[in-house]
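**Student:** So the protein sequences, as listed, match chains A and B.
Count the first sequence with the working numbering and you get residues 1 to 244, in order.
Count the second sequence with the working numbering and you get residues 245 to 488, in order.
Because the hints were derived from the structure by calculation, they are not lab data.
Among the hints, erroneous ones may be present.
Below, simulated DSSO-like cross-link-like pairs (lysine-lysine); rule was C-alpha separation at most 30 Å, straight line [said to hold, decoys possible]: (1) A:Lys86 x A:Lys118; (2) B:Lys362 x B:Lys330; (3) A:Lys86 x A:Lys76; (4) A:Lys44 x A:Lys76; (5) B:Lys288 x A:Lys67; (6) B:Lys330 x B:Lys320; (7) A:Lys67 x A:Lys86; (8) B:Lys288 x A:Lys86; (9) A:Lys67 x B:Lys362; (10) B:Lys311 x B:Lys330; (11) A:Lys67 x B:Lys330; (12) B:Lys320 x B:Lys362.
If you want the footprint, here are the derived chain A segments under chain B, 3+ residues with CB under 8 Å [as the list claims (entries may be wrong)]: (13) 193-204; (14) 225-236.
With the Cβ distance kept under 7 Å, some of the chain B side facing chain A (calculated, not the full set) [what the hints assert, rightly or not]: (15) Tyr324; (16) His326; (17) Tyr327.
Beta carbons: idealized from backbone N, C-alpha and C, even for Gly.
For reference, the chains in residue letters:
Protein chains: 2
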Amino acid sequence: MWETTKRDFVVSWTRTIAFSCAENEYSFMRETDSLSENGSGDRKEEIMRATYRVFRTEGYAGLSISKIADEVGVSKSALYNHYSGKDELLVAFLEYVMDKYSDEIQHSDTENPIVYLKLFKKTLLSEESIENNGNSDVPIDLFETIMQLKVQAVHNEVFREHFTRDDQFEHERLADRVRSGIEEGYFQDVDPDATAEFVQTVVEGAILRQTTTDSTSLQNIRRELDEYLRCRLIADPEKFNLRD
Amino acid sequence: MWETTKRDFVVSWTRTIAFSCAENEYSFMRETDSLSENGSGDRKEEIMRATYRVFRTEGYAGLSISKIADEVGVSKSALYNHYSGKDELLVAFLEYVMDKYSDEIQHSDTENPIVYLKLFKKTLLSEESIENNGNSDVPIDLFETIMQLKVQAVHNEVFREHFTRDDQFEHERLADRVRSGIEEGYFQDVDPDATAEFVQTVVEGAILRQTTTDSTSLQNIRRELDEYLRCRLIADPEKFNLRD
């Protein structure tokens, strides 16, 4: 049940990749490493994997359509037929990674919104998901990549549109769950949008802290988020223990 | 009282600049613009202001010791005498901005830890502080600059050390206030470190959302943070209204 639910658990953007599907992520990146050797996969896959490899080596500033073309072994103009520039290519990469996991991740079969919230929390704020999946530090690499691209949205409209869309998608999913939880009597009569946004904010803040400082305690953040949810959201705190 | 407390309010790193001292920030940046024209200020100030100008134009990738030297009108080697590279120069810039406001910002004279928390929240999570200080969008520019530098900490040890140190400094300040609030009976018997880290996480998440998407509602985040504080921290919710 846990495994199925975990897989079916719907999350959006980058966190999908960075946290919830750590194992898949790892295999994605292993494939990434070996793709150019065995030549398998279609052209789009190949371009996306080359994009990831080049970004990891060169960073945002050093990445160019030209370098990706060299890496894939196609002409620059062939790439320009599909992507008008490196920003469009990188947003396509972000969407590709999201789609890849959306294929595997169906709508959640978790009817109980409290169980859903537990999974949300466990999935997004777990050290195990980030670091201890037994597969080296590869997932945190992809996660860092996404954070570096996210900050491009500060001053770049192409990325800003992407991350706004992604953020709203996740927001709707989460707010809908809160809404149905209220209707079904699991939750108190809160503002679903405010509650969803607050949970998103905590998750984003935790990710930012985790990737940019050495002093973050996800355990503390998780525990205090529990307290917020218990106090603000859960209709009957005695009946449901979010720490499970 | 409010003005004095606001000025004396102790916060750390970049949020000091980005939020709490918007007016000073603005004058800092006005000076920045005019410095090269009137030639006033000492050399260090001049280098820091040149750093800010070049960063705003060129970004992290385009900034170099050489460009800063040109901007200031000194030799490259003169700059290398003080900074071993551009990362050290940029960290010096971050520390300079923090010091600049630390001079003005004394230890808080707010004895009541609930008033302190109100100020903390009002200062860090206020649209007014960010956008509506009547002085154009300049403060958000500096704020964006800092977020762009912060994400360098993802993979750059020099920035990571700086932001970890900064984060810990702010954490200690905040946790101490929670600790004394517990001793004085204002707060419940919580874990001061966990509470402080959670508040920091919410603030960081709000900043990240605010700078990278168009869908953030600081009002929602502020309201839910109130609910968390009311429920988790305040000993007598009837007596103290955090929304003031």
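**Student:** With reference to the structure, classify each hint as holding or not holding.
**Tutor:** Each hint, compared with the structure:
The suggested pairing of A:Lys86 with A:Lys118 is violated, with an alpha-carbon distance near 38 Å, which exceeds 30 Å. Taking the CA atoms of B:Lys362 and B:Lys330, the gap is about 38 Å. The hint is violated against a cut of 30 Å. A C-alpha spacing of about 12 Å is found between A:Lys86 and A:Lys76, which places the hinted pair at or below 30 Å, so the restraint holds. Between A:Lys44 and A:Lys76 the CA atoms are separated by roughly 15 Å; this keeps the pair inside 30 Å, and the hint holds.
For the given pair, B:Lys288 sits about 40 Å from A:Lys67 by alpha-carbon distance, which is inconsistent with the 30 Å threshold. A hinted pair counts as satisfied when its Cα atoms are at most 30 Å apart, and B:Lys330 with B:Lys320 qualifies at roughly 12 Å. Annotation: proposed proximity of A:Lys67 to A:Lys86 holds, straight-line Cα distance about 10 Å (limit 30 Å). With a C-alpha separation of about 37 Å, the suggested pair B:Lys288 and A:Lys86 falls outside the 30 Å cut-off, and the hint is violated.
As the CA atoms of A:Lys67 and B:Lys362 are separated by approximately 51 Å, the hinted pair breaks the 30 Å bound. Between B:Lys311 and B:Lys330, the direct Cα distance comes to roughly 10 Å. Compliance with the 30 Å bound is thereby established for this hinted pair. Note on A:Lys67 and B:Lys330: the hinted pairing holds, with a Cα-Cα distance of about 26 Å set against a maximum of 30 Å. For a cut-off of 30 Å, the pair hint linking B:Lys320 to B:Lys362 is broken: about 47 Å separates their Cα positions.
Counting residues of the region 193-204 of chain A whose C-beta sits closer than 8 Å to any C-beta of chain B gives 10, which meets the bar of three, so the coverage hint holds. As drawn, the region 225-236 of chain A meets chain B at 5 residues by the rule of a beta-carbon pair under 8 Å; at three or more, the given contact holds. At about 22 Å, the closest approach between the beta carbon of B:Tyr324 and any beta carbon in chain A exceeds 7 Å, and the interface hint on this residue is violated. Hint on B:His326 is violated. Least Cβ distance to chain A is approximately 25 Å, over the 7 Å limit.
Violation of the interface hint for B:Tyr327 is found here, the shortest Cβ-Cβ separation to chain A being roughly 20 Å, above the 7 Å cut-off.
Figure legend: structure checked against the earlier numbered hints; hints not met, in rising order: 1, 2, 5, 8, 9, 12, 15, 16 and 17.
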